[in-house]
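Going down the list, the protein sequences come from chains F and E. Under my numbering, read the first sequence as residues 197 to 365, first letter to last. Under my numbering, read the second sequence as residues 998 to 1124, first letter to last.
Any given hint might turn out to be false.
Covered by chain E, per the in silico footprint, the following chain F stretches (three or more residues, Cβ under 8 Å) [stated by the list, open to error]:
no.	region
1	286-298
2	349-356
Examples of chain F residues toward chain E, derived with CB under 8 Å [unchecked claim]:
no.	residue
3	Q225
4	V228
5	N277
6	S280
7	V281
8	M282
Simulated pairs of lysine-lysine, DSS-like, Cα-Cα distance not exceeding 27 Å [unchecked claim]:
no.	chain 1	residue 1	chain 2	residue 2
9	F	K359	E	K1010
10	F	K301	E	K1010
11	E	K1056	F	K359
12	F	K301	E	K1075
13	E	K1123	E	K1075
14	E	K1123	E	K1003
15	F	K301	E	K1056
Please keep in mind that the hints were generated in silico from the structure rather than gathered at the bench. C-beta atoms are modelled at their ideal positions from N, C-alpha and C, and glycine is treated no differently.
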Amino acid sequence: MDNYFTIFGLSQSFDIDTKKLAEYYRNLQRTVHPDKFVNAPERERRLAMQKAVQINEAFQTLKNPLKRGLYMLQLHGMDINDSSVMDAEFLMLQMELHEQLNSIKQQSNPVDSLNSFLNQVQHEQHQLNILLSEQFSKKSYQLAYENIQKLQFFTKLYEEALKLEENLL
Amino acid sequence: MAYSEKVLDHYEKPRNVGNLDKDDQSVGTGMVGAPACGDVMRLQIKVGDNGVIEDAKFKTYGCGSAIASSSLLTEWVKGKTLEEASAIKNTEIAEELALPPVKIHCSVLAESAVKSAIEDYNKKQKV
Chain F
197 MDNYFTIFGL
207 SQSFDIDTKK
217 LAEYYRNLQR
227 TVHPDKFVNA
237 PERERRLAMQ
247 KAVQINEAFQ
257 TLKNPLKRGL
267 YMLQLHGMDI
277 NDSSVMDAEF
287 LMLQMELHEQ
297 LNSIKQQSNP
307 VDSLNSFLNQ
317 VQHEQHQLNI
327 LLSEQFSKKS
337 YQLAYENIQK
347 LQFFTKLYEE
357 ALKLEENLL
Chain E
998 MAYSEKVLDH
1008 YEKPRNVGNL
1018 DKDDQSVGTG
1028 MVGAPACGDV
1038 MRLQIKVGDN
1048 GVIEDAKFKT
1058 YGCGSAIASS
1068 SLLTEWVKGK
1078 TLEEASAIKN
1088 TEIAEELALP
1098 PVKIHCSVLA
1108 ESAVKSAIED
1118 YNKKQKV
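Produce the complete structure using the sequences and hints provided.
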């Protein structure tokens, strides 16, 4: 069966050229575009539609580092929801960051504080992506698993910070 | 999604929010996180000389069900022995709060938090 990487003719890797991926995606979508199947038999139309959905799912998954990492782990039979995180030091940091985010509203210059907060979270995400690229390429899936969990926490934090930004602006 | 009345009650009026001195020998601190939703939970217990939990505090960043589960649990563990507290099952929490299946993991998280707090306390006593 095709996996999301083979659909685009890619080998399984955490490092992806997202520009090229977008290009492959557009080319591939063109081959299954409904316009091409207007006069085709119903079965072919349905298959093309299915293929289009699959290509879209694959693209959405692979273009995002977190989703891509989760998917790669899944291909190796690992589900990050199977275990909770107990790393006290890491959780303490998450707690502090949440507290920091909650206090931003009361600050005199919340927009600036929020910006530096977002930068900080982005920096952490970037560092994790570097580690993940190394660990996936070395097939160190257990380590990658832990870092994907961490990336998930930072992603959640980032989304919450963006929600606050909507309220501030 | 609609929350049950009990969840809303704990969410709007969380019991025992705050923290205890984590360096205190009689305090056990448990921290757990759920990677799927990014929830972080801290649950602390203060144990008396008789081995009974005198006080409990929590702080949870997460959804209403996670907050309610930890809030309820701090109420439950007070006055219990460590053994009794560690016997609390997530299913009891889920049942009391009428958590829907997709939120069961919040009660699991709370159960792990108490267990981890007790473990932390026991570790301190051995030193």
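These are the hints, each one checked on the structure:
1. 286-298: This one holds; 6 residues, not fewer than the three required, reach chain E with a Cβ under 8 Å.
2. 349-356: holds (count 4)
3. Q225: At 30 Å from the nearest chain E Cβ, F:Q225 fails the 8 Å test, so the hint is violated.
4. V228: 32 Å, violated
5. N277: For F:N277, the interface hint holds, since the closest Cβ of chain E sits about 4 Å away, which is under 8 Å.
6. S280: Interface hint status for F:S280: holds (5 Å vs cutoff 8 Å).
7. V281: 4 Å, holds
8. M282: 6 Å, holds
9. F:K359 - E:K1010: Since the Cα atoms of F:K359 and E:K1010 sit roughly 24 Å apart, the hinted pair holds (cutoff 27 Å).
10. F:K301 - E:K1010: 21 Å, holds
11. E:K1056 - F:K359: Measuring from Cα to Cα gives roughly 21 Å; hence the hint holds.
12. F:K301 - E:K1075: Roughly 34 Å separates the two Cα atoms, so the pair is violated.
13. E:K1123 - E:K1075: Holds, at roughly 23 Å.
14. E:K1123 - E:K1003: 39 Å, violated
15. F:K301 - E:K1056: 19 Å, holds
Of the numbered hints given earlier, the model fails hints 3, 4, 12 and 14; all others are met.
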